[in-house]
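Visitor: Position chain B against the provided structure of chain A, taking the given hints into account.
Number of protein chains: 2
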Amino acid sequence: MDIVKEMARTAKDIDNALLPYLDVGKHDKLRKAMKHYPEAGGKRLRPLMAITVAEAVGGRGRAAIPFGCCLEIIHNFTLVHDDVIDQDPVRRGRPAVHVLYDIPTAIIAGDALFAIAYRVLAETDVDGEGLRRLVRSVSDTVYLIAEGQQMDVDNEDSPDVTIDAYLEMVEKKTAVLFACAAEGGAIIGRGSERQIKDMFEYARLLGIGFQIWDDVLGLEGEEKVLGKPVGSDIRNGKRTLILLHAMEQLGDKGRKEKKGVLRALGNDQATEAEVKKVIDLFRELGSIEYAKQRTLQYAAEAKAKLACIEDSREKDLLEQLVDFAVGRKL
Amino acid sequence: MDIVKEMARTAKDIDNALLPYLDVGKHDKLRKAMKHYPEAGGKRLRPLMAITVAEAVGGRGRAAIPFGCCLEIIHNFTLVHDDVIDQDPVRRGRPAVHVLYDIPTAIIAGDALFAIAYRVLAETDVDGEGLRRLVRSVSDTVYLIAEGQQMDVDNEDSPDVTIDAYLEMVEKKTAVLFACAAEGGAIIGRGSERQIKDMFEYARLLGIGFQIWDDVLGLEGEEKVLGKPVGSDIRNGKRTLILLHAMEQLGDKGRKEKKGVLRALGNDQATEAEVKKVIDLFRELGSIEYAKQRTLQYAAEAKAKLACIEDSREKDLLEQLVDFAVGRKL
Numbered sequence: 027m028d029i030v031k032e033m034a035r036t037a038k039d040i041d042n043a044l045l046p047y048l049d050v051g052k053h054d055k056l057r058k059a060m061k062h063y064p065e066a067g068g069k070r071l072r073p074l075m076a077i078t079v080a081e082a083v084g085g086r087g088r089a090a091i092p093f094g095c096c097l098e099i100i101h102n103f104t105l106v107h108d109d110v111i112d113q114d115p116v117r118r119g120r121p122a123v124h125v126l127y128d129i130p131t132a133i134i135a136g137d138a139l140f141a142i143a144y145r146v147l148a149e150t151d152v153d154g155e156g157l158r159r160l161v162r163s164v165s166d167t168v169y170l171i172a173e174g175q176q177m178d179v180d181n182e183d184s185p186d187v188t189i190d191a192y193l194e195m196v197e198k199k200t201a202v203l204f205a206c207a208a209e210g211g212a213i214i215g216r217g218s219e220r221q222i223k224d225m226f227e228y229a230r231l232l233g234i235g236f237q238i239w240d241d242v243l244g245l246e247g248e249e250k251v252l253g254k255p256v257g258s259d260i261r262n263g264k265r266t267l268i269l270l271h272a273m274e275q276l277g278d279k280g281r282k283e284k285k286g287v288l289r290a291l292g293n294d295q296a297t298e299a300e301v302k303k304v305i306d307l308f309r310e311l312g313s314i315e316y317a318k319q320r321t322l323q324y325a326a327e328a329k330a331k332l333a334c335i336e337d338s339r340e341k342d343l344l345e346q347l348v349d350f351a352v353g354r355k356l
Numbered sequence: 027m028d029i030v031k032e033m034a035r036t037a038k039d040i041d042n043a044l045l046p047y048l049d050v051g052k053h054d055k056l057r058k059a060m061k062h063y064p065e066a067g068g069k070r071l072r073p074l075m076a077i078t079v080a081e082a083v084g085g086r087g088r089a090a091i092p093f094g095c096c097l098e099i100i101h102n103f104t105l106v107h108d109d110v111i112d113q114d115p116v117r118r119g120r121p122a123v124h125v126l127y128d129i130p131t132a133i134i135a136g137d138a139l140f141a142i143a144y145r146v147l148a149e150t151d152v153d154g155e156g157l158r159r160l161v162r163s164v165s166d167t168v169y170l171i172a173e174g175q176q177m178d179v180d181n182e183d184s185p186d187v188t189i190d191a192y193l194e195m196v197e198k199k200t201a202v203l204f205a206c207a208a209e210g211g212a213i214i215g216r217g218s219e220r221q222i223k224d225m226f227e228y229a230r231l232l233g234i235g236f237q238i239w240d241d242v243l244g245l246e247g248e249e250k251v252l253g254k255p256v257g258s259d260i261r262n263g264k265r266t267l268i269l270l271h272a273m274e275q276l277g278d279k280g281r282k283e284k285k286g287v288l289r290a291l292g293n294d295q296a297t298e299a300e301v302k303k304v305i306d307l308f309r310e311l312g313s314i315e316y317a318k319q320r321t322l323q324y325a326a327e328a329k330a331k332l333a334c335i336e337d338s339r340e341k342d343l344l345e346q347l348v349d350f351a352v353g354r355k356l
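So the sequence lines, in the order shown, correspond to chains A and B.
Add 26 to the 1-based position in the first sequence for the numbering used here, that's all there is to it.
Add 26 to the 1-based position in the second sequence for the numbering used here, that's all there is to it.
In case anyone wonders, no lab produced these hints; they're calculated from the structure.
Each residue gets a CB set at the ideal place from its N, CA and C atoms; glycine is no exception.
Watch out, some of these pointers could steer you wrong.
Said to hold, decoys possible - Taking lysine-lysine pairs in the DSS-like style, the calculated list, with each CA pair at most 30 Å apart, reads:
hint: 1; chain 1: B; residue 1: Lys223; chain 2: B; residue 2: Lys318
hint: 2; chain 1: B; residue 1: Lys61; chain 2: B; residue 2: Lys38
hint: 3; chain 1: A; residue 1: Lys264; chain 2: B; residue 2: Lys58
hint: 4; chain 1: A; residue 1: Lys264; chain 2: B; residue 2: Lys55
hint: 5; chain 1: B; residue 1: Lys52; chain 2: A; residue 2: Lys264
hint: 6; chain 1: B; residue 1: Lys285; chain 2: B; residue 2: Lys302
hint: 7; chain 1: B; residue 1: Lys264; chain 2: A; residue 2: Lys55
hint: 8; chain 1: B; residue 1: Lys38; chain 2: B; residue 2: Lys329
hint: 9; chain 1: B; residue 1: Lys341; chain 2: B; residue 2: Lys223
hint: 10; chain 1: A; residue 1: Lys38; chain 2: A; residue 2: Lys55
hint: 11; chain 1: A; residue 1: Lys329; chain 2: A; residue 2: Lys38
hint: 12; chain 1: B; residue 1: Lys31; chain 2: B; residue 2: Lys69
hint: 13; chain 1: A; residue 1: Lys264; chain 2: A; residue 2: Lys279
hint: 14; chain 1: A; residue 1: Lys279; chain 2: A; residue 2: Lys302
hint: 15; chain 1: A; residue 1: Lys285; chain 2: A; residue 2: Lys264
hint: 16; chain 1: A; residue 1: Lys282; chain 2: A; residue 2: Lys302
hint: 17; chain 1: B; residue 1: Lys264; chain 2: A; residue 2: Lys52
hint: 18; chain 1: B; residue 1: Lys52; chain 2: A; residue 2: Lys223
hint: 19; chain 1: A; residue 1: Lys52; chain 2: B; residue 2: Lys223
hint: 20; chain 1: B; residue 1: Lys264; chain 2: B; residue 2: Lys285
hint: 21; chain 1: A; residue 1: Lys303; chain 2: A; residue 2: Lys284
hint: 22; chain 1: A; residue 1: Lys223; chain 2: A; residue 2: Lys31
hint: 23; chain 1: A; residue 1: Lys58; chain 2: B; residue 2: Lys264
hint: 24; chain 1: B; residue 1: Lys329; chain 2: B; residue 2: Lys318
As the list claims (entries may be wrong) - Far from chain B, by Cβ distances over 10 Å, these chain A residues were calculated:
hint: 25; residue: Arg86
hint: 26; residue: Arg158
hint: 27; residue: Glu173
hint: 28; residue: Ile189
hint: 29; residue: Gly292
One chain only, chain A, in its complex shape (with noise of 0.2 Å):
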């Protein structure tokens, strides 16, 4: 089984099911803002995630789809704010949807999706005490998402940040939404509570070792894949995992040793000899490796996680997926 076929094929019934959900309302400037994101495609993770989860405690994968449309609409709506917030022009190649639109309708669209993926939750295929208990899951999730995101917008104004404090956004910004969708996804197939417990745990430790993963991607990855320059977290002082451990090792004293290479930090006139002197300084301190090092330790506790699936396609599956999110190139 091959897991890049395997995403393909689901993305597609993920698809299929996703964008007739959005063909809502009697507003076409919002219903297209709605769709900018969903339509761009994606490799919908989380939706397989759910997906996949429910087939391997034993129940049917279908039944899992309106709960994964709901979440990938979660996910995309937070995209949509996010942008804003972040004044971000640009998503995947595309204009942000402030930018093809405005502000306030893309304030408007991300709030309507958020509706519309509740409105897809409740077609479930479970009996009403499993809703409630996925409402609450849902709920709490985007809670700690909204707390993520204020989290990293109260980063950008202090100098310092820790790692533990670093590890907790990335939890909240982007782990647990995995979580939700896994821990979902058991509660959809029947699977026993010990299983919606540590399936929920498995994903989110992958949805951790994922966006640390990408802080790697950002200075190793291939410009062609990445959508952006090499090192271009760099020049936007984008704060890493990477950055954090190196600002660690340095110390005051070896920062202020170091200011003419750091200038390169957060200057997007910087030049591509300042950009690789920075990732050369990483390298020497260890940061590269050490981001790694993290990567495969949060993968291998999520595969430990998977203990309680029998050996099937499907725990198969999600163990090639946990390596797929801490290795990939794509």
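Guide: Below, chain B alone, put in the same frame as chain A:
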């Protein structure tokens, strides 16, 4: 039974339940931003509607409190985002959330309130299928509110809005949330399908009347009660049913003739005398009277929908609620 006393009593019950729901999370600033509007008080009309309807159909009012709080939180979430969208710096005499904090925090706080609203909804004491129905109703409602808000944003740039388009916008921005409150109250109170349907309609009609009455109050209310100077709708160029009726009456030719008078529209430097001239013109054209008559019509239709409720203290209260909504001075 005095509706004002009854409202004050229920508002207190609601507040006691509502504010603790918002004491969540570990992020102080986010929590404060979320609570800024809800803790400023308010009439809590939507929860009052849900509770009273639940009792009117024979159920327990207390069972509708979480649902009522959910709608109040949604109402507040829409206010936070609306103020960002409309760039309104003040709400209820206090700085708006995006002014007290910043725009990113206001967007995130609105999203977080929305998430919490569904978390509270899940606590409703109904069976699972009842909950499914409430989730659908709330989600459809928030989607319509988004559509109404988008219409409002778009109308600002279009010179001629028809009265029908205005009423559609009012229905979506304001009336559907009242309708959802009454429908949900009837579901929670285990009313008949007929009662559920008629209670929805009762509150929808009341909600439209409520909003048109706001336009009348803006010209004829007392400043200390309005919280804004009489005629500020004129200085802000706000589209109201009164203005739209006047424009229709004048036609293109009349508008040219009255250009001098109409100069006060949307002119925040207009003198009191200039504003008064516009109000006099509205009166002369019968536009204020037209708005009053439309309000009374909606009120009468709303009351007619109460036929499905047995005579009771609660039915009496629902009738008084109509009079309050379309005749309030407070």
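Visitor: Does each hint hold? Answer for all of them.
Guide: Taking the hints in turn, this is what the structure says about them:
1. Among the hinted pairs, Lys223(B) with Lys318(B) is consistent with the structure: their alpha-carbon atoms are about 27 Å apart, no more than 30 Å.
2. The hinted pair formed by Lys61(B) and Lys38(B) meets the criterion: a straight-line CA distance of about 16 Å does not exceed 30 Å.
3. Our distance criterion of 30 Å between C-alpha atoms is met by Lys264(A) and Lys58(B), whose separation comes to about 27 Å.
4. A C-alpha spacing of about 23 Å is found between Lys264(A) and Lys55(B), which places the hinted pair at or below 30 Å, so the restraint holds.
5. In summary, the hint linking Lys52(B) to Lys264(A) is supported, as the alpha carbons are separated by about 24 Å, within the 30 Å threshold.
6. The straight-line distance between the Cα atoms of Lys285(B) and Lys302(B) is roughly 15 Å, inside the 30 Å bound, and the hint therefore holds.
7. As the CA atoms of Lys264(B) and Lys55(A) are separated by approximately 23 Å, the hinted pair is consistent with the 30 Å bound.
8. Straight-line distance between C-alpha atoms of Lys38(B) and Lys329(B) comes to about 26 Å, which keeps the hinted pair within the 30 Å bound.
9. Taking the CA atoms of Lys341(B) and Lys223(B), the gap is about 16 Å. The hint holds against a cut of 30 Å.
10. Of the supplied pair hints, the one linking Lys38(A) and Lys55(A) holds, its CA atoms being roughly 25 Å apart against a limit of 30 Å.
11. Straight-line distance between C-alpha atoms of Lys329(A) and Lys38(A) comes to about 26 Å, which keeps the hinted pair within the 30 Å bound.
12. Between Lys31(B) and Lys69(B) the CA atoms are separated by roughly 11 Å; this keeps the pair inside 30 Å, and the hint holds.
13. A distance of roughly 22 Å separates the Cα atoms of Lys264(A) and Lys279(A); the hinted pair therefore holds under the 30 Å criterion.
14. Restraint check for Lys279(A) and Lys302(A): the C-alpha separation of about 22 Å stays at or below 30 Å, so the hint holds.
15. A hinted pair counts as satisfied when its Cα atoms are at most 30 Å apart, and Lys285(A) with Lys264(A) qualifies at roughly 17 Å.
16. Distance restraint check for Lys282(A) and Lys302(A): the Cα-Cα separation of roughly 19 Å lies within the 30 Å cut-off, and the hinted pair is therefore satisfied.
17. Under the criterion of a C-alpha separation no larger than 30 Å, the hint pairing Lys264(B) with Lys52(A) is consistent with the structure, at around 24 Å.
18. Proximity of Lys52(B) to Lys223(A) is assessed by CA-CA distance (about 23 Å); at most 30 Å being required, the pair is judged to hold.
19. Of the pairs offered as hints, the one joining Lys52(A) and Lys223(B) holds, with about 23 Å between alpha carbons and a cut-off of 30 Å not exceeded.
20. The hinted pair formed by Lys264(B) and Lys285(B) meets the criterion: a straight-line CA distance of about 17 Å does not exceed 30 Å.
21. Of the supplied pair hints, the one linking Lys303(A) and Lys284(A) holds, its CA atoms being roughly 10 Å apart against a limit of 30 Å.
22. Our distance criterion of 30 Å between C-alpha atoms is met by Lys223(A) and Lys31(A), whose separation comes to about 29 Å.
23. Between Lys58(A) and Lys264(B) the CA atoms are separated by roughly 27 Å; this keeps the pair inside 30 Å, and the hint holds.
24. Between Lys329(B) and Lys318(B), the direct Cα distance comes to roughly 17 Å. Compliance with the 30 Å bound is thereby established for this hinted pair.
25. For Arg86(A), the shortest C-beta to C-beta distance to chain B comes to about 19 Å, beyond the 10 Å cut-off, and the non-interface label holds.
26. At the 10 Å boundary, the C-beta of Arg158(A) falls inside the reach of chain B, the nearest C-beta of that chain being 5 Å off.
27. The Cβ of Glu173(A) sits about 5 Å from the closest Cβ of chain B, inside the 10 Å cut-off, so the non-interface label is violated.
28. Every CB of chain B lies more than 10 Å from the CB of Ile189(A), the least distance being 18 Å, so the non-interface label holds.
29. Look at Gly292(A): its CB is around 18 Å from the nearest CB on chain B, clear of 10 Å, so calling it non-interface holds up.
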